[in-house]
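Protein chains in written order, with this note's numbering: chain H, 41 to 456; chain E, 4 to 333; chain P, 430 to 717.
If you are wondering where the hints come from, they were derived from the structure by calculation, not from laboratory data. Treat the hints with care, since some could be wrong.
What the hints assert, rightly or not - Partner residues aside, some chain E positions facing chain H, computed with beta carbon under 10 Å:
1) 53
2) 73
3) 106
4) 155
5) 157
6) 158
7) 165
8) 173
9) 177
10) 252
11) 256
12) 294
13) 302
14) 303
15) 305
Stated by the list, open to error - Straight-line C-alpha distance at most 16 Å; calculated EDC-like pairs for lysine to aspartate or glutamate:
16) E:321 - P:431
17) H:216 - H:187
18) H:147 - E:178
Claimed, not checked - Beta-carbon label-pair distances, calculated as ranges:
19) P:707 - E:210: 53 to 61 Å
20) E:34 - P:608: 46 to 54 Å
21) H:120 - E:97: 48 to 56 Å
22) P:613 - E:149: 54 to 62 Å
None of these values were measured; they are calculated from a predicted model. We put the beta carbon where it would ideally sit given N, CA and C, even for glycine.
In case you want the letters, here they are:
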Amino acid sequence: MTDGIRNITRTNISRRRALAGLGAGASLVAMPWIARAADDTIRIGFPTPLTGPFAAEAKDQVKSAELAVKQFNDKGGINGRKIELLVRDDKLNGGEAATRTLELIEKDKVHAVVGSLSSAVQLAVNEVTRARGIIYVSISQSDTINEVKDFSKYTFHEALNPHMTAGAVARYSFKKGSKVAHLVADYAYGHEMLRGFKRAQAEIGAETVGEILHPFGAADYSTFMPRLRSMRPDFLCISNFGRDQANSIKQAVDFGLKQQAKIVVPVILHNQRLAVGPEVFEGVVGGANYYWGLESQLPSAKAFNDAYRAANGGAIPTDYGAYGYTGLSSLLMAMQVAGGTDTDKVIAALEVLKYDVAKGPQSYRKCDHQSVQSVLVLESQKKADMKGDADLFKVVANEAASEKVLRGCTELGFPA
Amino acid sequence: MTSPALAEPLPSSVRKPGRVKSLMTTYRVPLSIIALCLLPWLLPSKALAVNVLVYGVVAVGYNLLFGYTGLLSFGHAAFVGAGAYITGIAIGQFGVPWYAAVLLGVIGGGLLAFAIGALSTRTRGIYFSMVTLALAQLVYYVALQASSWTGGENGLRGFTVNKINLLGYDINFLDPVNKYYVLMAFAALALWVVSRILNSPFGAAIEAIRENERRARTCGYNVERTKLLSFTLSGTICALGGTMSALHLAFVPLDSLHYHASGMIVMMTLLGGASSFFGPFVGALVFLVMEDVFSLWTSHWQIIVGSIFVLFVLFLPKGIWGTFLARFVR
Amino acid sequence: MDTELILMQLFSGVALGAILVLTALGLSIIFGMLGVVNFAHGALFMVGAYAGLWVASLTGSFWWGLLVAPVMIGLFGMLIEYFLIRPLYGRSIDDPLLLTFGLSYVLVEGVRIVFGTDGIPFPTPPALTGVLDLGVGFFPIYRIFVVGVVFVVVLLLWLGLEKTRFGLIVRAGARDPTMMRVLGVDISKVWLLVFGLGVGLASLGGVLSGPMRSVNPEMGSLVLAEAFVVTVIGGLGSLLGSIIAGLAVGIVISMTALFAPEMATIVMFALMALVLLVRPQGLFGKLA
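Hey, can you work out the whole structure from these sequences and the hints?
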């Protein structure tokens with residue numbers, strides 16, 4: 041038996057070639073599962089967490105992305121070629137996302153990838169796409185993807201990053217001498233938000249009276265409340281995301297912190313506000329990339345909302361949903377300019393693209409491909425003031441698109 | 004005069020195995036390797052096939068402890084993760100060549116398995132499972148905190164292996180077919196190692212412990228040492244699976260250390276069959292394909308997978324492969 | 430660090446411990462009596478929260494939710510025992526653990542299908558909103574209520590186990606189930622009721638937690654881990670152990686939050702690992 045095994049290992053390479061030949065024959069039989077032959081369609085991969093705690097946001101993103109694709113296809117596609125969106129479930133897991141991206145590139149032969157939610161997942165996707173020279177437009181909030189370590193010429197970041205949103209919220213809320221207490225989720229994203237706040241505070245002259253890091257994913261915040269109260273802040277800044285945000289705001293309100301201080305968050309989330317209710321969220325201020333209420337101020341927002349309503353039975357797009365639309369639109373517009381899917385031409389087109397599809401003017405900064413766009417500051421409405429079920433927030437500030445609110449290129453590690 | 008006891012046929016566990024079964028057992032490694040060679044052409048994607056390789060190795064390694072020694076560990080994801088992280092860090096931060104990184108990952112995972120094994124084999128029964136779960140969760144939280152090494156919640160990246168040099172040939176590692184067959188070589192090695200272990204006197208010892216620990220002790224086996232060795236070997240094989248995963252995805256997600264990941268390994272092993280050599284591999288294959296296919300149909304695939312698992316525990320405890328072997332292979 | 434803050438922190442530790450005690454008790458009872466590690470305990474906690482929410486929205490009152498949901502889910506637990514766990518008796522001790530593990534996936538996804546993947550608000554009952562000035566600080570009235578409920582439940586449980594005939598059977602059965610059969614007791618009925626009771630306690634914990642945390646399908650995952658930590662530290666099968674360990678763990682988490690808040694979850698698992706290595710049967714448990 042051992043001789044047999046020795047023979048196998050020795051002839052491994054030639055056996056591999058022979059089997060590859062055999063396999064090629066077998067693959068003709070297994071036709072349905074084989075990568076499709078190159079044809080004219082433009083294929084865009086869209087990994088998104090259809091399973092898991094952000095399923096609602098993911099579904100919104102899919103609907104918005106499909107809207108963008110449909111709009112382009114209705115106008116004749118790109119150079120006559122139709123666009124196809126390949127949606128995949130990444131299960132909010134980096135390993136799954138990497139596998140799905142590999143499948144999209146190797147089997148489905150996509151020309152570009154847009155998507156993902158959660159910093160870890162986008163970095164996983166990015167790792168796969170940049171090694172293989174495929175354009176990736178990330179629509180997930182993160183500071184990390186801007187940094188030189190994860191960057192590549194194929195990497196584009198169409199979403200806001202925590203630095204921008206925290207900064208905008210700080211600039212709207214704080215004054216010189218404001219006392220700010222921080223409750224921060226102890227992971228990269230939390231720290232990024234805190235950094236954004238602190239930097240803006242330094243410029244404004246607001247002081248940090250205390251800082252508590254909480255374990256990522258904690259359900260109970262009662263043990264942090266007494267300390268936060270003792271700091272006697274004017275503002276309580278809660279830097280976390282998703283369920284953590286819902287839980288921490290709810291419990292802060294339970295402990296009476298809203299009587300003492302104003303609660304601000306870097307990103308105020310549409311679905312978390314729905315999960316907790318208007319009473320708890322009332323008066324909370326936070327940043328966002330999009331809110332449907334912009335339509336009263338911005339014609340492009342109105343156009344987007346109307347198209348979305350028409351395609352989705354009257355529903356309005358949410359914040360994360362809008363990322364699907366803006367991200368995909370920017371890519372498709374660049375492909376239009378480039379006349380096709382030639383990667384280098386599309387990259388060149390993206391780098392100089394100026395567009396306004398839903399929220400005002402947007403463009404990509406050259407050094408890190410970060411989307412320069414406006415940041416909305418929203419305040420959650422009192423129940424009595426809500427004019428309808430969807431009237432969750434009011435837009436209290438709209439920080440114009442500017443490269444000045446981003447971290448400097450050299451700070452991120454890029455050559456000057 | 005026939006003794007009344009022999010008037011009935013002996014139960015299958017005692018009966019001498021028939022020709023097909025003993026052929027299959029003797030040649031289980033080459034047969035497995037042939038099956039693996041064909042795998043990428045039968046599955047929807049090569050990336051999925053590599054995942055099957057990875058988790059097949061992990062499950063087979065895990066089964067050394069679970070199916071053959073009879074110890075239910077709920078923390079083996081720690082070793083898979085350790086192998087993956089060490090390999091990734093070695094390549095990404097220290098520029099170590101890939102094969103050395105794999106070796107480091109396997110050794111590192113093995114050492115962690117030894118440490119956790121030493122602590123957990125001191126307990127028995129249900130407490131053993133609880134300890135492994137607790138210690139593995141500890142590893143998860145340590146990895147989360149040590150973010151400058153591991154990338155924390157963002158995962159470990161920056162160690163993509165584009166090209167490897169094997170015996171003088173430059174192989175493009177990004178090509179899915181090449182990647183599969185290179186990693187398959189590792190899988191074959193792992194299967195061979197496990198087969199040798201099971202055929203050895205040590206293999207008999209661990210099965211004795213599974214059947215009746217007290218009796219094994221009275222027979223003179225050093226039960227604690229044997230359990231620890233089994234735990235360590237099992238963890239080392241899982242670490243090898245982890246290194247393969249790191250090379251495959253060029254990314255190590257933090258979640259791969261969570262107890263949900265450990266639970267997944269247990270599910271795969273059970274699904275395929277914990278009483279056989281190749282069963283866990285079959286389990287990994289079925290589980291991953293099921294997950295892949297079901298998640299294309301519905302976002303609620305977890306209820307299907309969970310229900311199937313419950314049904315298996317109730318009605319098919321031998322798993323798919325185990326039941327197949329028991330029924331059709333004489 | 431002023432004493433007011435420390436006292437306040439101790440109190441929040443006790444309040445945190447109360448929920449831990451409830452879920453740990455359920456897990457411990459089931460293990461002590463049936464030898465089953467219920468991996469679906471966290472999922473059932475979550476189902477309890479949703480059931481409470483559903484009943485409350487039907488009847489318009491939180492109190493009905495609080496009373497009815499645990500009974501409902503307790504009965505559901507009995508169905509689980511009868512159809513899924515009972516067939517596994519006599520087989521490997523790990524089989525019920527594995528089955529309940531798979532079951533937890535089914536329950537979580539089932540809730541997602543019926544109620545959606547987003548969190549649902551569970552409003553605090555109006556009678557219990559607001560904070561109370563404890564002298565050392567302000568504390569939500571609702572949490573004080575929760576401590577009170579847990580205290581009453583523990584008392585009732587103790588009375589039930591010590592003073593009633595059924596309680597006697599449960600305690601004896603935990604010590605020696607074979608003997609119980611020999612004495613003519615229908616042990617299977619006892620198992621049914623005990624499993625139902627354990628599940629009922631978990632779902633009561635869920636309903637009580639609802640107004641404190643957002644109700645979402647994943648809320649059971651961390652609860653399961655916490656329940657394991659507490660039951661193991663206290664001793665699987667020991668009720669006194671669950672109570673003391675629950676309060677202790679709550680206080681330890683709370684005190685850690687004062688000095689190194691980001692370590693609050695790690696410290697829980699480190700404590701569990703430590704106890705298991707020094708005294709594997711837990712503080713009050715019996716060795717396997």
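Evaluated hints:
Interface restraint check: residue 53 of chain E against chain H, minimum CB-CB distance 8 Å, threshold 10 Å, status holds. A hinted interface residue such as residue 73 of chain E counts as satisfied when its beta carbon comes closer than 10 Å to some beta carbon of chain H; here the least separation is about 27 Å, so the hint is violated. Of the supplied interface hints, the one on residue 106 of chain E is violated, with its beta-carbon coming no nearer than about 18 Å to a beta-carbon of chain H, more than 10 Å. The restraint placing residue 155 of chain E at the interface with chain H holds, with a minimum CB-CB distance near 6 Å, inside the 10 Å limit.
Look at residue 157 of chain E: its Cβ gets to within about 5 Å of chain H, closer than 10 Å, so that hint holds up. The beta carbon of residue 158 of chain E comes within 5 Å of a beta carbon in chain H, closer than 10 Å, and the hint placing it at the interface holds. Using the Cβ-Cβ criterion of 10 Å, the hint placing residue 165 of chain E at the interface with chain H is satisfied: the shortest such distance is roughly 7 Å. Taking 10 Å as the C-beta contact cut-off toward chain H, the hint placing residue 173 of chain E at the interface is violated, the least distance being around 13 Å.
The interface hint given for residue 177 of chain E holds, since its Cβ lies 6 Å from the closest Cβ of chain H, which is under the 10 Å cut-off. Given hint, residue 252 of chain E at the interface with chain H, holds; its Cβ is 4 Å from that chain's nearest Cβ, closer than 10 Å. A hinted interface residue such as residue 256 of chain E counts as satisfied when its beta carbon comes closer than 10 Å to some beta carbon of chain H; here the least separation is about 3 Å, so the hint holds. About 9 Å separates the beta-carbon of residue 294 of chain E from the nearest beta-carbon of chain H, less than 10 Å, and the hint is met.
With 10 Å as the threshold, the beta carbon of residue 302 of chain E comes within range of chain H, its nearest partner Cβ sitting at about 4 Å, so the hint holds. Given the 10 Å rule on beta carbons, the hint for residue 303 of chain E holds: about 8 Å separates it from the nearest Cβ of chain H. A distance limit of 10 Å between C-beta atoms decides the matter here; for residue 305 of chain E the minimum to chain H is near 7 Å, and the interface restraint holds. Straight-line distance between C-alpha atoms of residue 321 of chain E and residue 431 of chain P comes to about 61 Å, which puts the hinted pair past the 16 Å bound.
For the hint pairing residue 216 of chain H with residue 187 of chain H, the CA-to-CA distance comes to about 31 Å; that exceeds 16 Å, so the pair is violated. Between residue 147 of chain H and residue 178 of chain E the CA atoms are separated by roughly 12 Å; this keeps the pair inside 16 Å, and the hint holds. With their beta carbons about 31 Å apart, residue 707 of chain P and residue 210 of chain E fall outside the hinted range of 53 to 61 Å. In this structure the hint that residue 34 of chain E and residue 608 of chain P lie 46 to 54 Å apart at CB holds, the actual value being about 51 Å.
For the pair residue 120 of chain H and residue 97 of chain E, the supplied restraint of 48 to 56 Å holds, since their beta-carbon distance comes to about 51 Å. Distance hint for residue 613 of chain P and residue 149 of chain E: a CB-CB separation of about 59 Å, consistent with the stated range 54 to 62 Å.
Violated hints, in rising order: 2, 3, 8, 16, 17 and 19; the structure is consistent with all others.
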